[in-house]
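Trainee: Sequences are here, hints too, so could you generate the full structure?
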Amino acid sequence: MTVIGYMRVSTPHQKFDSQQKALKDYGVEIVYKEHESGRKEARTELNNALSALQPGDTFVIFKLDRLARSTKQLLSILEGFEKQNIHFVSIQNDIDTSTPMGKFFFTVMSAFSEMEAALIRERVLAGLDAARDNGTTLGRPSRTKEIDEAIKLYVNTDFSVKKISQICHISVPTIYNHLQRENIPRRKSYRERH
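Our numbering numbers the first residue of the sequence shown as 1023 and each following residue consecutively.
Please keep in mind that the hints were generated in silico from the structure rather than gathered at the bench. Ideal Cβ positions, reconstructed from N, Cα and C, are used throughout, including at glycine. Hints are supplied without guarantee of correctness; some may be wrong.
[Unchecked claim] What follows is a set of in silico ranges between Cβ atoms, one per label pair, in the way DEER data are often shown:
| hint | residue 1 | residue 2 | range |
| --- | --- | --- | --- |
| 1 | Gln1036 | Ala1139 | 28 to 36 Å |
| 2 | Asp1151 | Ser1120 | 44 to 52 Å |
| 3 | Thr1129 | Asn1205 | 33 to 41 Å |
Mentor: Structural data, given as structure tokens:
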């Protein structure tokens, strides 16, 4: 059973001193240090620390904000720990998932995360309903004026699809897709006609 710690500073001017002392006092054996902002997606040292964990290990951080940027992200990490039988400790927040109170914290956090997701979904659906009630067309338009013009040019002229694409500012594949949807047969190529 290994005790693995993770520390992160947000700016080059910050130091690890307080985090390092707390992790050392806790008995952390291996420490991973991240020198980047939490806003960056790729946190190499965090990924290395998480990869090093084995069932029965303990993962220790100084504070929750050093680990995750959102409740959803934190919960995702904690759920992974629970599935792998890895204990989690946040020293400053006094959380230890190996204790009944720590498990209770995880359960409450899960409930809040589910509630937050349900509220967001409810707001999005209400916004979509309001937009529909106001006559707003939702989604990508199925056909635009440019596509209509491209189809007319294709049917009524001998212009190549490439030329039509340049005139109408639409990609060649888009023109072919709409021609297929309209069941308009493709013309024979110049070589096939001559």
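Trainee: It remains to establish, for every hint, whether it holds in the given structure.
Mentor: Hints, one by one, checked against the model:
1. Checking the proposed 28 to 36 Å range against Gln1036 and Ala1139 shows it holds: the Cβ atoms sit about 33 Å from each other.
2. Distance hint for Asp1151 and Ser1120: a CB-CB separation of about 46 Å, consistent with the stated range 44 to 52 Å.
3. The beta-carbon spacing between Thr1129 and Asn1205, approximately 57 Å, falls outside the hinted interval of 33 to 41 Å.
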